[in-house]
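Undergrad: Chains W and D supply the protein sequences, listed in that same order. Residues are numbered in the numbering used here as their position in the first sequence, beginning at 1, plus a constant of 312. Residues are numbered in the numbering used here as their position in the second sequence, beginning at 1, plus a constant of 371.
To be clear, the hints were calculated from the coordinates, so they are not data collected in a lab. All clues stand as given, with none of them false.
For lysine-lysine, the following BS3-like pairs were computed, each having C-alpha atoms within a straight-line distance of at most 27 angstroms:
#1 340/W to 478/D
#2 340/W to 488/D
#3 476/D to 492/D
#4 460/D to 488/D
#5 383/W to 375/D
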Amino acid sequence: MKWLKIILFLLPLLLAFSDLEAQQRFPKPEFHTKYTQPTPTTPEPRGVGMEFVDVLVLLVVLSLTSWFAIKKRSRNGILLLTIFSAIYFGFYRNGCICSVGSIQNVALAFADPKYVISLYALLFFLLPLIFCLFFGRVFCGAACPLGAIQDLLIYKPITIPAWLRKTLGFIPYLYLGLAVLYAATGTEFIICRYDPFIGIYRMNGPHLMIYLGIAFLLMGLFIARPYCRFFCPYGAILNVFSRFSRRHLSVFPTKCIQCKLCTTACPFEAIDFPDEEKSKPDTKSNTRRFILYMALIPVLMLAGAWIGSKSHVFLSKAHPDVYLAELLISHPELKTDSKNIDIQTFLASGKSLETLVEEAQIIRDKFYTGSWILGAFLGLVIGLMAMNQVIFRRREDYQANKGNCYGCARCLDYCPVE
Amino acid sequence: MNRKTFINNSGRLILLGGLVYLTGSIFFKRKVSASGKYVWQIDPFKCMQCGRCATQCVRDISAVKCVHAYQLCGYCDLCGGYFKPNTHKLNTGAESQLCPTGALKRKFVEEPFFEYKIDEKLCNACGKCVKGCGSFGNGSLQLQIRHNLCQNCNECSIARMCPSNAISRVPIEAAYQIKGDFKNPAVTNPK
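All chains, please: the whole structure from these sequences, using the hints.
TA: As structure tokens, then:
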């Protein structure tokens, strides 16, 4: 009984002591002089609430570009808009968020139940695509800051042979597929990480990426818009969408006089030549090839899916958790390496290796699904690209290729037809 | 309607349908935030001061800075964040300071208290003072992303490399997590 009393007496003291444990080691002093304690400052982000303005500006630029390209037929108007986009979206807004990168936000929002996408990122993704379905790639023409900086620095574009152009044209689809895979699995945003021009717009950034950006711009003096044509993943989507556009810009206003001036004006070789009567292919063998390629598409897709599912282990290494789990299993001696921050932090966190491996396995399973879809998608792209080679389309005039035309309106300026 | 326009129209309709499906499914899961802006933020209770904030930020000089939660500070003379361990003299000489850039300034208030202040222009977010203060003192120094400097990248390149996953994307209203207490989630939002 006596002990119980003592314990009951001591209990509040003990509690107070344990409470003191949570207190600071050095109590806050009571000042005798007139000292006012400052409060930590919390500077606001730049342009709070400006996203709405950004979406509005994008909408206005897209509408004006469509009007300049299709109705007004004015290269100068589009040039002015290009300069405006480079200044506003590039130098002023520092490039984030852009439509190209928004693919990843949309992919992550689609795949990850926890990720919340901001309405503005979604609109930046959707608006150029909707415009593209009606007026072609007007986004590439003047609104894209990445395209604008390259377009303004075209000096003497050289002709790239068609076979090379078409082969390199596969890279954007590969880039798009990988970007979606890595974004959807929550690994990283590769489009943003390897954006070559953002460092130039910010005039600040990792030096390697700035050098890469400068290299792209120097290359762009002679190979017009190299990033847009051979890398841009958003361009790959726009390319497909633009083929079905309702109203695309037409090189000539009334009737083509076959002067070929537009083909010299276009720095991107996006003008299709009219076919000569003689070069009309043998219909019978062409049909046979068409059927063969069409039958090949499922085979290519299956092969792609197989290769994709085989490479998921390799692809998943980019995820930090998978990487760490593999490292700890293959090199258990690294646990004593005090310089390896990742391993030391993991050990300090008290998480067991089993939990980490389990989590890594879940991510790897996601990669398995993603990789075979990616492989099948790439197989489909290759198949369609091959099939496109044998489809014969009758053309009598020089006309812009709807898929590749950026709507920069250079050809409109050159066309002598009134 | 000829064959060409038919293919064109149906292709457009399919693509439009795809866009509607994509948007609809994202909207349906209520994963769109209209209120807008998200920013990156460091949870001071998860931060391990590994030093990557100083090197991984896309900016030449990191947008992360050391922030002082004054209400937690003990105003000690022997400050674990200011002095190197085993310093002989407690003076402001460069050889006794822990901060490699001299960004942590000390000012005499009254015997025996000193006020510590960060010169943000000099701070490179190495986190040495944060570690020192956390190990020997109250833990009033902490690393925070300064939003006047942060470029608000689509994906924070520090977050990708953060070993303790201390950096996350939060709504702008909760942009700063400055410690108000010594134990976890009772962080105050100074707004």
